[in-house]
Amino acid sequence: MSKEMQELQKQWHSMMQTIHTNSNVQQGCHLPFMLSGYREFPPPTSSAMKEVVSFMNSRVGQYLDDHPFVALSLLVFVAVSAIPVAFFLIFVISTTIVACLGVIVIEGVVISVGGIALLCVLCGLGLLSLAVSGVLSICYIALSTLINYWHTPNSLVKKQEANGNSLLQSSPPLLDPSNKNTKSE
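Going by my numbering, the first residue of the sequence shown is number 1, and it counts up by one from there.
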């Protein structure tokens, strides 16, 4: 084995050992999903993990944890708006350099126009991120419904078809043990 492979294998074993030693069961931390709705995350080991855990234990982190659609919309918006913001910053820096060379009046006009253009782009990207999050949420719901429909036992489907009912309309009464096809009339 080459030295790089041995070093990579050492790092892999070290990482796996860290994951196994920091599991919730071994540390005796709270379960990830507590009945009260509040999550307590395990103590972190690195500085980056400490920042993530402190953010997730903050009010904003708890709110985003309880509202995944908002978190997904925010993530999509940040990811999509990074490039226009970077272009705007490059634009501002370049116009500032030009302003230092003597074009002060043009800088104010150009930056104002650029700021308005950035505002329009960010508003459009905000709407786009909400639309993408909505589509992703609808796809998730549709796929999970299809998977749940495909994995229903055949006996329930045959019993439904014999009764003339649709599976999607009357699935909760089928699972109710008190409803045993009682026809008292």
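Because the hints were derived from the structure by calculation, they are not lab data. Note that CB positions come from ideal geometry on N, CA and C, so glycine has one too. It is possible that some hints are incorrect.
Claimed, not checked - Restraint-style ranges between C-beta atoms, simulated for each label pair:
1) Glu-51 / Leu-89: 33 to 41 angstroms
2) Met-5 / Cys-120: 25 to 33 angstroms
3) Ser-144 / Thr-96: 32 to 40 angstroms
4) Ala-99 / Cys-123: 24 to 32 angstroms
5) Ser-14 / Val-70: 19 to 27 angstroms
6) Ala-117 / Ile-97: 13 to 21 angstroms
Verification of the hints:
Checked against the given bound of 33 to 41 angstroms, the beta carbons of Glu-51 and Leu-89, roughly 24 angstroms apart, lie outside it. Checked against the given bound of 25 to 33 angstroms, the beta carbons of Met-5 and Cys-120, roughly 52 angstroms apart, lie outside it. In this structure the hint that Ser-144 and Thr-96 lie 32 to 40 angstroms apart at CB is violated, the actual value being about 51 angstroms. Range check, Ala-99 to Cys-123: about 27 angstroms between beta-carbon atoms, so the 24 to 32 angstroms window is met.
The hinted range of 19 to 27 angstroms is not satisfied by Ser-14 and Val-70, whose Cβ atoms lie roughly 36 angstroms apart. For the hinted restraint 13 to 21 angstroms between Ala-117 and Ile-97, the CB-CB distance of approximately 20 angstroms keeps it satisfied.
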